Amino acid sequence: MYYAFSNNFVNFLRCPVFKNILQTYSKRESLLSQQFRCFKNFNPINNFTTNMASSNAPLLEKYIKLTSQFSNNNLGNFSVQMIDTSKEENRVSLLQCCGKLLSNKSLKYRRDLCSFIFKQFENLNFLGIEEYNMYISICTENEVVIDSGKFLQMMQCLPIEATYNLLLQNVCEAGDVNQAHKLLSAMKELNYIVNEKVFNAIILAHTISGGYDAAQSVLNTMKMAHITPSSDTNWNIILGLASRGDMREFKQFFETANIEFNEEYFIEVVTKLGLSDCEDLIKMMKSRFNLDVVPRHLLSLIEQLCIQLIHRTKATMAVKIYCLFIKEVIDETQHNFLLSELLDAETDPSEIVQICDYLKESGKHLHALQFVTNTVFTKRDPDECWFYLKHFEELKPLYFWPILLKAERANGEIGVLNTLNKMKELNVEIDGETLEKFVLCFCEISPPHKLLSRMQHLNIPMRQLLTPLLVLLLKNNNIKDVYSLCQEFKPQVEGEKLTRPLAISWISTDNLPVIVGIMKKIYENNDNTSIDFVGQTLVYCLRFCKEEEGFSKFLELLKMLHNEKLTITSSSDESIQTLLDSRDNCPYKEEIENALDNLLDISLSSNNSHITHPRYMNVEQLECHLIELTNKNMETRGVLRRLLQAHSRAGNYVRVEQVRKLIEQAGYKESPGMLALRLQHRIKTHDFASALNLFDKLKENFPDFRIDEYKIINLATILLTEGRFDTAMEVLKKEFDDRTIRGGLPIEHNCIALLHAAKNPGQAMALYKYLTEKKLCEAKNTIFGPVLLSYLKCNDLENGVKYYEDVCKTYNCTPMQVELLKATVDAENKDLFQRVVNATIGVYGIMKTQMSMVVAYAEKGKKEALLKLLLEIRSVPNSELQNRCTRWVNSGSVEPLITFIEAAVRLPRNKLNLNIPYMAIIKLFDNKNDIDGLLQFIDKLKENDVIVSRKITELINALLKRNKRL
1 MYYAFSNNFV NFLRCPVFKN ILQTYSKRES LLSQQFRCFK NFNPINNFTT NMASSNAPLL
61 EKYIKLTSQF SNNNLGNFSV QMIDTSKEEN RVSLLQCCGK LLSNKSLKYR RDLCSFIFKQ
121 FENLNFLGIE EYNMYISICT ENEVVIDSGK FLQMMQCLPI EATYNLLLQN VCEAGDVNQA
181 HKLLSAMKEL NYIVNEKVFN AIILAHTISG GYDAAQSVLN TMKMAHITPS SDTNWNIILG
241 LASRGDMREF KQFFETANIE FNEEYFIEVV TKLGLSDCED LIKMMKSRFN LDVVPRHLLS
301 LIEQLCIQLI HRTKATMAVK IYCLFIKEVI DETQHNFLLS ELLDAETDPS EIVQICDYLK
361 ESGKHLHALQ FVTNTVFTKR DPDECWFYLK HFEELKPLYF WPILLKAERA NGEIGVLNTL
421 NKMKELNVEI DGETLEKFVL CFCEISPPHK LLSRMQHLNI PMRQLLTPLL VLLLKNNNIK
481 DVYSLCQEFK PQVEGEKLTR PLAISWISTD NLPVIVGIMK KIYENNDNTS IDFVGQTLVY
541 CLRFCKEEEG FSKFLELLKM LHNEKLTITS SSDESIQTLL DSRDNCPYKE EIENALDNLL
601 DISLSSNNSH ITHPRYMNVE QLECHLIELT NKNMETRGVL RRLLQAHSRA GNYVRVEQVR
661 KLIEQAGYKE SPGMLALRLQ HRIKTHDFAS ALNLFDKLKE NFPDFRIDEY KIINLATILL
721 TEGRFDTAME VLKKEFDDRT IRGGLPIEHN CIALLHAAKN PGQAMALYKY LTEKKLCEAK
781 NTIFGPVLLS YLKCNDLENG VKYYEDVCKT YNCTPMQVEL LKATVDAENK DLFQRVVNAT
841 IGVYGIMKTQ MSMVVAYAEK GKKEALLKLL LEIRSVPNSE LQNRCTRWVN SGSVEPLITF
901 IEAAVRLPRN KLNLNIPYMA IIKLFDNKND IDGLLQFIDK LKENDVIVSR KITELINALL
961 KRNKRL
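Residue numbers (UniProt numbering): 1 to 966.
These aren't lab readings, by the way, just hints derived from the structure by calculation. No experiment lies behind these values; they were computed from the predicted model shown. Fair warning: there could be bad hints in the mix.
Distance condition first, Cα-Cα at most 25 Å in a straight line; then the derived BS3-like pairs of lysine-lysine [said to hold, decoys possible]:
| hint | residue 1 | residue 2 |
| --- | --- | --- |
| 1 | K769 | K711 |
| 2 | K759 | K769 |
| 3 | K669 | K684 |
| 4 | K793 | K759 |
| 5 | K422 | K759 |
| 6 | K769 | K793 |
| 7 | K422 | K684 |
| 8 | K711 | K699 |
| 9 | K809 | K863 |
| 10 | K559 | K589 |
| 11 | K475 | K437 |
Sequences are here, hints too, so could you generate the full structure?
Right, dumping it as structure tokens:
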């Protein structure tokens with residue numbers, strides 16, 4: 001394969017600048033930019049194969065020198081046979097690329113590459129003295145100790161003095177004193193000069209082997225040989241002490257040694273200290289040589305040093321070293337190359353997060369974690385992003401937009417909803433923009449009720465979900481669905497976001513009554529002091545009027561709004577009048593003006609359409625209002641109180657505590673209402689000790705203050721979960737013994753939670769008696785249920801059944817009959833099972849009791865028992881079957897439905913309507929976004945030769961198509 005290079009690139013290779021770049025190992029980024037500017041269509045990573053043309057070997061050499069990169073998967077494919085034997089320089093350069101030049105590879109990879117290429121040369125008889133010498137040098141750089149005796153014997157040419165010197169340096173850097181002395185003896189026999197450089201190598205070996213005392217003996221020998229130790233000699237002692245790991249001796253010698261700064265030695269020593277995690281000693285070296293400002297040339301070497309440390313599992317140390325020498329951060333992106341190397345080196349993600357935290361805390365890179373996360377998403381597997389996202393201090397929805405887009409491309413709606421679910425698990429505050437532009441737009445939104453069912457497990461508040469959903473429905477001109485939602489949910493929506501979409505729907509439809517109905521519902525259900533919803537919608541409507549038909553339609557809209565008694569502010573009236581004056585082609589100006597006069601309500605202040613009263617502000621608006629009041633040195637007590645309430649309701653407990661401290665700092669005394677809010681906060685965070693202290697403080701300081709019943713019951717509940725039954729009863733009695741209780745449904749669920757917290761039937765019965773005596777709750781199924789469960793939790797099935805029979809007889813209630821039936825099925829106790837059945841029949845009759853038995857068998861996976869029971873039943877009413885399947889769908893119970901279907905398909909066709917459970921299980925898999933589960937269920941039906949109706953087949957295909965599985 002032939003590659004064409006431009007003249008610019010050839011000239012660049014020949015110029016001195018290129019050689020200097022190679023010698024100083026400059027940053028890859030600058031080299032890459034030079035590379036891409038100079039030639040086109042050159043990608044050796046992708047194009048190296050075993051049948052390459054002979055010109056490609058130097059290309060590989062140049063590529064590695066330029067980029068310090070070589071792909072792992074190309075090693076086995078690379079062939080050296082194409083190398084021109086007349087070009088010794090190519091072979092030497094290729095070996096040179098296997099050492100320090102390849103800084104962004106692990107030591108093992110560099111060793112393997114060097115060994116591989118050397119063996120190729122050996123097999124092809126390409127080895128000369130230059131290749132041998134370069135191989136020894138690269139082995140030294142890669143910390144590979146050569147057996148000098150064997151190596152000299154296997155050489156295919158005579159070694160020269162440089163060969164012996166290189167071998168001596170190799171074994172000395174490994175601290176191999178024995179081999180060093182053997183080589184020294186051989187060099188003496190060959191009458192080679194033993195100069196300072198040789199002695200320095202020997203000193204290095206002895207220092208590594210025996211410390212400074214061992215080096216001292218070599219120094220004495222040098223003096224006897226009339227060779228004066230120089231700065232290089234001391235550098236070798238320092239390097240030996242650093243390699244040895246003797247930090248005490250290192251510090252003592254370094255502080256007193258007579259040395260001059262030497263870049264090469266400095267980098268080598270810092271590398272050794274970095275491998276030993278000796279940050280303090282590196283700081284000492286930096287201080288001695290006054291390297292507060294690092295020259296660019298040295299900085300380039302430090303960068304390569306740090307890259308190599310990262311690939312030698314010393315990532316944290318590498319980053320600390322780089323930060324040590326980069327005191328002034330001009331641009332935080334200058335650390336990005338290190339972060340990229342962390343990912344390339346497959347550094348443990350936990351360590352990467354710690355490094356990002358270090359960079360942020362030290363002020364070097366405030367957005368390191370964001371950079372890493374973005375790099376992982378764009379260049380690696382996006383699923384890896386989730387680990388890093390979990391460590392963000394504040395997760396914003398926009399961080400997840402690319403992930404949502406990728407999930408939609410891969411799996412359609414199910415991918416988007418699954419991603420949204422993960423975001424909720426990370427406590428991400430989902431905003432309207434994310435829902436509208438990156439979630440709902442990728443979902444099947446019509447009919448909206450089915451979408452809401454599929455999203456119910458996400459627990460997104462309806463108030464938050466409804467505005468973007470209505471916007472999208474209006475954009476799709478589904479005004480009937482919008483009207484239906486407005487009627488059903490009475491939405492509190494962001495009216496300003498609906499004005500333009502509603503106007504667009506108005507201009508494109510003839511169904512004015514529905515449009516007016518939507519406007520009326522939104523107007524009635526929302527606070528209109530902050531925005532003139534009707535007026536702003538009319539402004540947009542008039543803008544879309546271009547012809548006579550449009551103006552006639554606008555006039556009709558105004559009349560219908562007047563009939564529905566809707567009004568606008570003077571500000572909106574002026575805007576419409578101004579816009580109307582600019583419409584010279586409008587034939588109904590006078591009629592429209594009269595209609596506007598009928599809609600105008602001058603009692604509505606124009607200012608109110610722009611300024612929201614704090615009582616109507618949401619959390620974000622309250623936070624902004626607090627900042628505004630603080631900057632103006634105005635009273636903040638009211639807004640702080642509302643913030644405390646808002647954050648407490650929203651469950652933002654960290655912010656609750658921050659607001660409380662602001663109240664203290666402002667010198668405001670806490671009212672009993674504020675203390676009650678703090679009590680609620682402590683209860684929700686299960687801090688029972690603090691909650692109990694706050695309760696006592698309230699009773700002591702404000703004895704006449706009436707704490708809400710639900711807060712008292714919730715306090716007793718968390719005390720009960722902590723095993724403090726007596727304290728819980730004491731709290732209840734202290735508050736309720738002398739109080740007239742309002743009770744009823746508002747606190748019934750709190751009473752149920754309290755009963756569920758009971759540890760045994762004795763506690764449950766005591767609580768039940770107290771709650772009913774004080775009329776906090778009534779005797780009914782929902783109250784009896786937790787008491788019955790207390791028996792089941794203690795495995796006291798006999799007494800549990802007896803309690804059930806007493807309740808059925810006395811109160812005509814059947815609490816937890818299915819759970820009790822399931823417990824008797826598990827216990828395989830037919831007698832107790834029959835007693836529960838008989839008691840239930842006495843209340844509900846045979847048919848409903850049989851359905852309870854069906855449910856118990858299905859939820860316990862008793863397929864044969866279920867089949868036998870279904871055969872005994874004359875027929876299963878569609879209403880009963882529909883109700884039970886709906887409950888399974890709402891509770892997300894897949895296995896009972898599958899068990900029921902597998903039993904039901906074996907029944908005669910007239911026994912029950914199989915379409916009901918089929919539709920239920922399709923809806924259930926759809927709600928759970930479990931398309932794989934649905935496909936497995938379909939496969940199982942096919943294996944059993946079960947044929948489903950055409951309607952069911954169409955539903956399945958529609959679901960698969962929506963999620964890009966068909």
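- Which numbered hints does this structure break? Hints 5 and 9 are the ones this structure does not satisfy, whereas the remaining hints hold.
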